[in-house]
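Participant: Listed below, chain by chain, are the residues.
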Amino acid sequence: MVEAGQDGQTDETASQEVERDAALVERLKEGDSKALDQLFRRHRDAAYGIAFRLVGSREDALDVVQESFIHVMRGIQAFRGQSSFRTWLYRIVTHAALDYRRWRSHRQAESLDGLTALEPAATGPIHPAPQEEAAERDLQKAIDEALANISEKNRAALVLYALEGMSYKEVADALGISIGTVMSRIFNARQRLRELLASEIG
Amino acid sequence: MDCDEAKQMLAGYADGELSSLENEGLAAHLEQCGRCRQIVHDQQRIQHVLDSYELPPVQDSDWNNIGKALKAELEGKGEPVQLKTRPRIEGLDPTPETQRPIVSAEPPPPVPIVREVPAPAARPRGAAAAARTPAMTLITVRPRKGRQPFRWMAHVAGAAAAALVVAMGLATLWTRAAPPLAPNTLARQDDVAIMELETDADYSVILYTGDTNDVVAIWVEPDESSG
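Heads up: the sequence lines are chains A and B, in that order.
Be aware that the first sequence starts at 255, since it is given in our numbering, and climbs by one per residue.
Be aware that the second sequence starts at 194, since it is given in our numbering, and climbs by one per residue.
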């Protein structure tokens, strides 16, 4: 049995990963909390990556990850395995993140009475900056801000492909769109990023 | 291939996601088009920047807290987590529409019975109808609108009623001597004269009977909302 490491990284091949997930899903359907824990450990980093790039805040991203796995638990009985668990989870995370942004936007609009701009969507993460070179930190921040300024649809496609390593087909499955649309959205997202990051990358 | 066609595939080309056939076609265009080549270069360059993107780290304690919360949720301990997001699984799974999972801890609500035919609106009957047209006593049979399953029954009932009245009038004429009919009277029974009989294009019958000051009508008309 291949066990996932703490960071979810293993030496499994793609097919082994799918099979391993499928076995864990079956155990989770029977209420096995250890299976849930393993699925969580295997996919939490990727889920966090998607969520962070869509909500722009570490704390919000963690909230999205937690809610996404709750959606998984509540919906696992209906999961038939016609897509991989990974693709299914990424769909859930993507839409949960987009939902969360709307919830956050609505909440801030109410509490701040419109006096303050929407933080997560308009700015980068509020977490302490990683201990890296200043230039790299600035680029990270610039990317965060640029990502926050492209459309939700284009960003979701770009995040899944460019930052999570999914294929166009997987992105299409995850977002429920055609491969042609995936290509178009990724193209538009990167063109927009090129404009927004022009001063940073020359 | 022109630039507009090529543009649809430049991202796929930059990412190596095109088929060999598509690649060949686009490569031929790129050999001739410096502008599209530049776009491919830009796409790859941005991708390279994104490849260097690093996420802010998450502390183990954060993961542990979430793990505990998930376990508690699974085991039904404590209050269920109030979610800020919806389980929008429908429409996401590429399974057929009828097989899409429904994410809910609760049983699905009963499927409502779709009523193709809305309940008919209350129609004025009896006194209400009389009040609407004080000079007449109306017996109103209104067939339902459109493709309602029992529309034919209203037609049959209307036709039968009309036939009955006509038959009564004719029987009267046949069995006993009747006073001469007024010029516009079709038949007469006792004090009731059949004044008019109309059939419209919607297979409805409009039949008026009665004397000049005491009109009785059997009125079969199409639904007011039809047409």
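Just so you know, the hints here were simulated from the structure itself, not pulled from any lab data.
Please read these numbers as outputs of a predicted model, since none were measured by experiment.
Keep in mind that the hints are not guaranteed to be accurate.
As the list claims (entries may be wrong) - Now the stretches of chain B that chain A is said to cover, found in silico as 3 or more residues with beta-carbon under 8 Å:
1. 219–230
2. 245–252
3. 255–269
4. 273–279
5. 350–360
For glycine and all other residues, C-beta sits at the position ideal for the given N, C-alpha and C.
Participant: Report the numbers of all earlier hints that the structure fails to satisfy, in ascending order.
Facilitator: Result: hints 1 and 5 break, sorted rising.
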